[in-house]
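There are 2 protein chains.
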Amino acid sequence: MESKKIKIGLIGLGTVGSGVYKTLEAFENIEVVKIAVKNKNKKRNIPNLDETIITDDAYEVVSNPEIDIVCELIGGVDPAFDLIKTAIENGKHIVTANKELLAKRGEEIFNIAEKHNKVILYEAAIAGGIPIIMPIKTILAGNNITRVEAILNGTTNYILTKMDVQGASYEDVLKEAQELGYAETDPTGDVEGFDAAYKITTLATLAFKKKIRFENVYREGITKVRAEDMKAANDLGYKIKLIASAKMDEKGYADVRVHPMLIPQDSTLAHIDYVTNAVSLTGHPIGHITLSGPGAGEFPTASSVVGDILAIAAELDTTDYLLPMMRCRHEELAKCIDISDTQNKYYLSLNAKNNKGVIGNIGNICAECNISLESIVQKNVSENNTADITVITELCKECNMQSAVKAFEDSEFINSVNSLIRVQI
Amino acid sequence: MESKKIKIGLIGLGTVGSGVYKTLEAFENIEVVKIAVKNKNKKRNIPNLDETIITDDAYEVVSNPEIDIVCELIGGVDPAFDLIKTAIENGKHIVTANKELLAKRGEEIFNIAEKHNKVILYEAAIAGGIPIIMPIKTILAGNNITRVEAILNGTTNYILTKMDVQGASYEDVLKEAQELGYAETDPTGDVEGFDAAYKITTLATLAFKKKIRFENVYREGITKVRAEDMKAANDLGYKIKLIASAKMDEKGYADVRVHPMLIPQDSTLAHIDYVTNAVSLTGHPIGHITLSGPGAGEFPTASSVVGDILAIAAELDTTDYLLPMMRCRHEELAKCIDISDTQNKYYLSLNAKNNKGVIGNIGNICAECNISLESIVQKNVSENNTADITVITELCKECNMQSAVKAFEDSEFINSVNSLIRVQI
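The listed protein sequences correspond, in order, to chains C and G.
Sequential numbering of the first sequence, starting at 614, is according to the working numbering.
Sequential numbering of the second sequence, starting at 614, is according to the working numbering.
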């Protein structure tokens, strides 16, 4: 089938945009006809870049009548939302890598797209190069997915891996990661778990086929994880990872969250190190699968953006209703369980006065809060006669654990509660 | 969009067929209208099975005018080839799990399908439940894939894992696997590497977008792997796995093979144990990804078959040219490199006379064959004054290594060549 060239408009020519431009050069049936950038004078490392198609007005891209597909690669809600909306209203299909926009206003843009019979594809928004969105929507469509556990942020996984390998503190490793360009000058979006929370919001929505609101995603970053916790976790047979997870229980309640977690050393996710990402899915009939690969970067992300472009391009001439399986409808809102009502297993690190009754005292406080314990280990008795105590609980309610933490803070036996990290079950 | 029910015909109601039937019950827009079986009187564990739609004449399925999609789940070349051909000629789309047919006669059936504007989907034929065919053809389509390394046979991976964990012999573990139903009474297809070779033939064809002939796939099974080799590999920092691999070199020559391989313990595939399968892909722009999950079984395989059915069903009413990205064309045949011309690193286990000159003698024979060595380790000097010697070579030509093996067999210093296994590079 001889077909005319598919015309692409790019919004954004940063790391991902450059990778997309370079990768698309290999495809004779695809042509980038307009590129919007913030600063037209910026020097770019793209050998074959056609400077004449560059504009600093993104509306020139979304309103260009020639363009079939608009790729939005600038991120953030504004002006991305309005640009995508305008592009759709002008008859363009959309490819985006914008996880924040999808998490916060996905419902709206998908409804606009559906109304105009356009598709929005976003493989690059979640787990970079790893094929996950298209597989869930197509070849895994026969499954009832009940659990997602994932490492979705390369920066925090790099930091935690380095802390583990080097025995270094969070602050020292963050500084090193910033120098190497793995962490931004303001690292908040990564280290406080926002980036992973955006991604799991969309991933859970897809997996459960019900809309998860970003506000219902519990979020906790890695800034309080200490070198001592990494060491204690290792001694107990665990690794500490920032895990984005989503579970659907039998009553139809979703539990979606991002927080540090102790995971067993023999689990697949425990071996996902540095900037690598991974997504584990559990469901019926598939059972359990894990997909791992590069979660960010110029070329891996370009792989996903270009894959989405080619999927649209392949059907543009063959049907008026493209990619039916890739449509998003979001008809139903998921019921979500509040973190305080969840059941978890915990790792707790306390500093206590080193006297005879302290272990019993810790046990008593837990018992009063309805918490059973798996182990209590005392170590590092210091010169000033204090001891570090590591507690692993059995499954218990989050609200009970929070009561126990308060009781420890009020107890005369306990000097400080150093860490409270959930353990994978 | 209100649409009529999509009508399915199943050929085969064994393990996979049963899983497919049970899984499809959840989909209101899909109806199984005819099922062909070998033995109509066989008792089956399918609670809601409609006995009236069962036939023992598979041609009743492929010629049934009501049916939109035929699922061929019997395996083997005959009569599957003719059934699929007839079904396509009768206007059916095809979903198959038949890796042998695809490897041996894929080109023909894809050409027939293309001629009749029908699609043949086969996610279940390779790596069971792991999404790999559809991802390669769709979301990874922008990539130039240069390397595939995979564990594609659950039976052999189970046997090798058990040999490793228990220190047991191949024969003992095979027997146990047969008793547990993980290996067949005649295990040849699995243990001699045929099953993995069928799968890598198709996977390499897809990855390289050039037809690989099954005859050009080098194949070696696991029957000669000894408990002593597993132990020696562990001591050297490796695991032994049956690896199906495909590489495309810069001159456009494909190197496709299945054989046991020593792989570093810190690699992802080293952690894929028991019946789990995994596929690692390397290419540009993606970099490196690994997909792992259940490679066989009633429900995981059903996940892939049902995913394929749903993909066809989704587009049946929206276009006359379904799933353009999933078409197979096989226009070009790949040039293949012969195993004797490949370069490999080797693990070699020799039993030698325990005298002073033996290490030097081994070194000399290797040097004469143009083989450089990484290490020679002597161990287990026995009562009858023989010693086991483990050699790891540097990269060298396969034909040189075969010459060296001959020279060892002729050498008066060497009692026997016990094992020769390639090492991952």
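Just so you know, not all the hints are guaranteed correct.
[To be verified] Derived DSS-like pairs (lysine-lysine); straight-line CA-CA distance at most 27 Å:
1) C:K822 to G:K823
2) G:K618 to C:K728
3) C:K728 to C:K860
[What the hints assert, rightly or not] Some chain G residues well away from chain C (every beta-carbon gap over 10 Å; in silico):
4) D663
5) G689
6) N756
7) L946
8) E1025
[Unchecked claim] Non-contacting residues of chain G with respect to chain C, defined by C-beta distances greater than 12 Å in every case (computed):
9) R718
10) K750
11) K860
12) D879
13) S905
14) E1007
15) V1030
By construction, these hints were calculated from the structure, which means they are not laboratory data.
Keep in mind the model is a prediction, meaning the values are calculated, not measured.
Beta carbons are placed, not taken as given, at the ideal position from N, Cα and C, and that holds for glycine.
Here is what the structure says about each hint:
1. C:K822 to G:K823: violated, 37 Å
2. G:K618 to C:K728: holds, 25 Å
3. C:K728 to C:K860: violated, 31 Å
4. D663: holds, 20 Å
5. G689: Correct as stated: the minimum Cβ-Cβ distance to chain C is 24 Å, above 10 Å.
6. N756: Non-interface label on N756 of chain G violated, nearest chain C Cβ at 6 Å vs cutoff 10 Å.
7. L946: holds, 22 Å
8. E1025: The claim holds: E1025 of chain G sits with its nearest Cβ about 47 Å from chain C, beyond 10 Å.
9. R718: Holds: least Cβ distance 24 Å, greater than 12 Å.
10. K750: Contrary to the label, K750 of chain G does not stay out of reach of chain C, its closest Cβ about 10 Å off (not over 12 Å).
11. K860: holds, 19 Å
12. D879: With a cut-off of 12 Å, D879 of chain G comes too close to chain C, as the shortest Cβ separation is near 8 Å.
13. S905: Not fine: 5 Å to the nearest Cβ puts S905 of chain G too close to chain C.
14. E1007: holds, 28 Å
15. V1030: holds, 35 Å
Hints 1, 3, 6, 10, 12 and 13, counting from the list given before, are not met by this structure.
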